[in-house]
Amino acid sequence: MAKNINLKIDGITVSVPEGTTILEAARQLNIQIPTLCYHEDLCIAGNCRVCVVELKGARTLPASCAMPAAEGMDVLTNTLKVRTARKHIIELLLSEHNAQCTTCYKNGKCELQNLASEYKISNGETFIDLVPSKNYQIDAYSPSIIKDDSKCIRCQRCVRTCEELQHVSALGVAYKGDKMKISTFFENPMFEVVCTNCGQCVNRCPTGALIERNYIDQVWDAIYDENTHVVVQTAPAVRVALGEDLGVDTGEIVTGKMVTALKRLGFNSVLDTDFTADLTIIEEGNELLTRLKRALVDKDPNVRLPMATSCSPGWIKFIEHTYPEYLDNLSTCKSPQQMFGALAKTYYAQKRNIDPAKIVSVSIMPCTAKKFEADRPEMRSSGFKDVDFVLTTRELAVMIKQAGLDFAKLPESDYDSIMGQSTGAAVIFGATGGVMEAALRTAYEVVTGREVPFDGLNITAVRGMDGVREAAITIDGTKPEWNFLEGVTLKTVVAHGLVNAKKVMDSVRDGKADYHFIEIMACPGGCLGGGGQPVPTNKEIREKRAKAIYQEDTGKSIRKSHENPEVVGIYAEFLKEPLGHKSHELLHTHYKARQRY
Amino acid sequence: MSYTQLKRVDLIFDTEATTKDILQTAWSKTNEQIVNELLESGLKGRGGAGFPTAMKWKFTSEQPEKERFVICNADEGEPGTFKDREILFKVPQKVFGGMAVCAKVIGATQGFVYLRGEYRFLLKELQKQLDDFHGILKDLGINFSISIVMGSGAYICGEESALFESMEGKRGEPRNKPPYPTIAGFRSKPTVINNVETLVYAFMITKHGAKKFKDLGTADSRGSKVFSISGDTPKAGIYELELGMTVEQFVEEFGDGDTKAVQVGGASGFCVPRKKFKDTIIGFEGVPTGGSMMLFNSSRSMYNVLHNYLEFFEEESCGQCTPCRVGCQQLMKGIEAVKKGKKHAAYLEQLMKLSQTMKITAKCGLGQSVANSFSSIVENFKEEMIY
Ligand SMILES: Cc1cc2nc3c(=O)[nH]c(=O)nc-3n(C[C@H](O)[C@H](O)[C@H](O)COP(=O)(O)O)c2cc1C
Ligand code: SF4
Ligand code: SF4
Ligand code: SF4
Ligand code: SF4
Ligand code: FES
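In order, the protein sequence lines correspond to chains A and U. Heads up: the first sequence begins at 1 in my numbering, then just goes up one per residue. Heads up: the second sequence begins at 1001 in my numbering, then just goes up one per residue.
Hints may contain errors.
Only some residues are given here: those of chain U computed to face chain A with a beta carbon under 10 Å [unchecked claim]:
id : residue
1  : LYS1278
2  : ALA1337
3  : GLY1341
4  : THR1357
5  : ALA1362
6  : LYS1363
7  : ILE1386
Computed beta-carbon distance windows for the label pairs [to be verified]:
id : chain 1 : residue 1 : chain 2 : residue 2 : range
8  : A       : ALA174    : U       : MET1150   : 14 to 24 Å
9  : A       : GLY72     : U       : MET1150   : 24 to 34 Å
10 : A       : GLY57     : U       : LYS1382   : 49 to 59 Å
11 : A       : SER169    : U       : LYS1275   : 24 to 34 Å
12 : U       : PRO1178   : A       : ASN6      : 10 to 20 Å
13 : A       : SER169    : U       : LEU1006   : 49 to 59 Å
14 : U       : SER1147   : A       : GLU164    : 43 to 53 Å
15 : U       : LYS1353   : A       : LYS401    : 51 to 61 Å
16 : U       : LYS1128   : A       : ALA2      : 49 to 59 Å
17 : U       : ASP1279   : A       : GLY72     : 53 to 63 Å
18 : U       : GLY1117   : A       : ALA2      : 37 to 47 Å
Just so you know, these hints were derived from the structure itself, not from any lab. Cβ atoms here follow ideal geometry from the backbone N, Cα and C, with glycine treated the same way.
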């Protein structure tokens, strides 16, 4: 057990385990120290210096986020010296900053603005405005992310995110001194570099320097246009996080209120991405079983195993850049968002007798990479752009506020039909391990005719927040047509956060792993920790959202994708069979190798 | 005060004993003896911070982690400093020898010389000398080797933790401290990093024992030091002098008769105006210096001097921390504005306060030391800043 350290903060004695920082110790005492570069998910940078405190006997004011507590320390967090220093530091940051709060996307949600307000920084005799002497650039070429250097405080949270959590390092520090800036490879636009559009950096940027490209006005325009029929789909992870931006407690499920809100906003039809999540399980499950059969029975040398999931567009772009030789291992299934988009302008249009040209399809996603995905040229199999606009959870929250709705007090309502029905298996897509669990629930039953042998269908081995989780399930008692799988141990692995994706892919590449099926989600925690989710997102919040997701699963009357009546219906009426001709046309896709820088 | 001749010393450049002899002497002593002699001698680091060398070696040797490194900091980037270059040029083997003795004490088998990018011209000869040195080690059966690493040309890479980052192939940005290098330095292993000159003194103290060094200098600043003397002086160059002299004594010897100020310790050091020459000791009890001494006569504009320094810092700051990155820009733009009359002279007071904030909140020694030259020049030459 770690040794305990006793110290005094503002005269109060506190005992903390060795290795605790002064900042953390102060938080235990409910003493708030301001921070900017600090983020729970990241390594300590100690570069903004707003968290400085006075340490008796020290010549300088140490940064409390970076200073480990030591026995007998006497720390003061609110002296004149500390206040003066912090105020200076905030003023310095503002002097480099293009502070146009009223027209800034982050207005009201900006950590720098909050600090400036807390410290009552006035416009008077502060320092010289340095903005005119800077050659600040805005990069607005990406369909997902806008980078505005004039709002950057150089805290490097984005750099650390991209390197430590995602192993992408699309963003780095360039130049030094007054020219130091956050940059990409050769200062190319984000659109042209290895960036996966995951938005994890956006989620952690304290200011308006990295934001999602928002499509709020375009969506309003479509809603107000009487000649359009606007359908909206909502991803599994949105319903366990949206409330956070609208005054509801973290971890509360707000599905019913969200549906009501979307109807009130004026969407013509409020539908569920969960429906196509269930459909994904059918298609992807069958794809996996087919690959296994070709490998085990036909001994086909061309079949690529392990098969990897393809529902996370951040992961897709990562593998396209980083492991292009493994593109054939990816499931050819489109993500649930894109399956939905393709069906909205075909199946749905037919069933509802609407001209697909008049349909505007909007999706609400926890994700910024889905904006890029919707823009991919392959994603037009309906003959139109399958998904017209992708909004993040945060953007939806903005629209709900703009519409004057008191979200917390809204009544609940049900999704519209068709393509509004879902199962518990679809809901858990929002958490890391969820796709695996949903796939196993269905595949096991297809092959054996029995439910997966786990208590209450809960495959706990694939759940949790460890970066890489392996699970094996031995199949026995197969139905006759699947007897080649009798006794086979299906080896699976689940990873979330691209740094963990890399670990899995490296072990596959180095022949150290013999998995059959890999689930990878680009974002830590899976979609519930997506780049488009409410800010802040951190470990504690991800865990609460995950708990809510599994709660929603348990509460569902149907918990297996193949039992979703609308899924059964679409195969009967439209798709005919999994992996059939129509499926290939609408629900499957291909990938593209990209450069490694 | 009467005129006293400054005492020239010849410890660094003396080549009376061969490297091999001194190494043999060192290897005849126990590690404890070597550390105790160093401690007794009072040698403090010559790279700027002035940390007792014996303690650094001792702490490192006491770490539980067994893989350890010794690094010679030859990044010499402080404006007006060129003494390490001279040492490396004239007595490179003594530098290597100091590293070897350190390696013996701390139990390292690998050492590095981090050589300033601009000193590439020294590389060929240094490498040759190093090969010879490795030959001597082999003869003596000593298991230690040194590699020379070229610096990246940034001043900040002379800061020890930025230097480690740079050696690890990363961007040269100072780390948070603690942990200090003695616990987690290069590759997060216990590391002794010493200045070129420190290593030579350590080597010579191993040879002569503590007394010869300790008898020189003052209680706080023992021994002698190599000075790089430049500016308005007829005697620009490298001198090894006993510590403890006043600025007045120094100016008597090296001034041109019209010295109005001496910048002690380079851009990150202090400016001593004529009226304070007499009472200011060059050393840890007065104004410390890494070796740079710049003399200015009355023809010089101290505004220009300060402006030059600030320009240097504005550019050479690594840029990661707020007080230094933005503070340097504000100080420079601030004195420009006052000079041009765009800001009232009282703005200098605000800048002085800002420099004090930088001194206590910047992440590393660079940002912390900008206030040294800034406040000492602004305070003593205020009229030159305004008119
Ligand atoms: C900005 C900055 C630059 C530095 N540059 C050098 C340098 O060029 N050479 C050097 O020996 N020490 C330099 N130092 C000091 C080193 O960080 C370190 O204290 C020194 O190498 C320790 O050696 P010593 O104990 O022998 O003095 C620098 C420090 C700072 C803050
Ligand atoms: S980033 Fe923050 S401080 Fe800057 S303009 Fe936007 S809201 Fe204001
Ligand atoms: S872009 Fe945002 S996260 Fe990155 S350094 Fe700038 S302010 Fe920090
Ligand atoms: S979006 Fe993701 S991949 Fe792109 S820069 Fe940000 S963290 Fe890196
Ligand atoms: S003080 Fe200057 S050089 Fe040092 S870490 Fe801060 S910005 Fe970098
Ligand atoms: S929060 Fe501690 S230095 Fe930035």
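Hints, one by one, checked against the model:
Checking LYS1278(U) against chain A: minimum C-beta separation of about 27 Å lies over 10 Å; hint violated. Here the hint on ALA1337(U) is kept, as its CB sits about 6 Å from the closest CB of chain A, short of 10 Å. Annotation: GLY1341(U) was flagged as interfacial toward chain A, and the flag is violated, the nearest CB pair being 14 Å apart, outside 10 Å. For THR1357(U), the interface hint holds, since its Cβ comes within 10 Å of a Cβ in chain A; the closest pair sits about 4 Å apart.
The interface hint given for ALA1362(U) holds, since its Cβ lies 7 Å from the closest Cβ of chain A, which is under the 10 Å cut-off. For LYS1363(U), the interface hint holds, the least distance from its beta-carbon to any beta-carbon of chain A being 6 Å, beneath 10 Å. Among the interface hints, the one on ILE1386(U) is violated; its C-beta lies about 17 Å from the nearest C-beta in chain A, farther than the 10 Å criterion. Between ALA174(A) and MET1150(U) the beta carbon distance is about 21 Å. The supplied range of 14 to 24 Å therefore holds.
At about 44 Å, the beta-carbon gap between GLY72(A) and MET1150(U) misses the expected band of 24 to 34 Å. Separated by about 33 Å at the C-beta atoms, GLY57(A) and LYS1382(U) break the suggested range of 49 to 59 Å. Range check, SER169(A) to LYS1275(U): Cβ separation about 55 Å, and the 24 to 34 Å hint is violated. In this structure, PRO1178(U) and ASN6(A) meet the distance hint of 10 to 20 Å, their C-beta atoms being roughly 18 Å apart.
A beta carbon spacing of about 54 Å between SER169(A) and LEU1006(U) agrees with the range 49 to 59 Å that was offered as a hint. For the pair SER1147(U) and GLU164(A), the supplied restraint of 43 to 53 Å is violated, since their beta-carbon distance comes to about 30 Å. For LYS1353(U) and LYS401(A), the hinted distance range of 51 to 61 Å is not satisfied, since their beta carbons lie about 42 Å from each other. Our hint of 49 to 59 Å for LYS1128(U) and ALA2(A) holds, since their Cβ atoms are close to 52 Å apart.
For the hinted restraint 53 to 63 Å between ASP1279(U) and GLY72(A), the CB-CB distance of approximately 37 Å leaves it violated. Distance hint check for GLY1117(U) and ALA2(A): the Cβ-Cβ separation is about 43 Å, which falls inside the suggested range of 37 to 47 Å.
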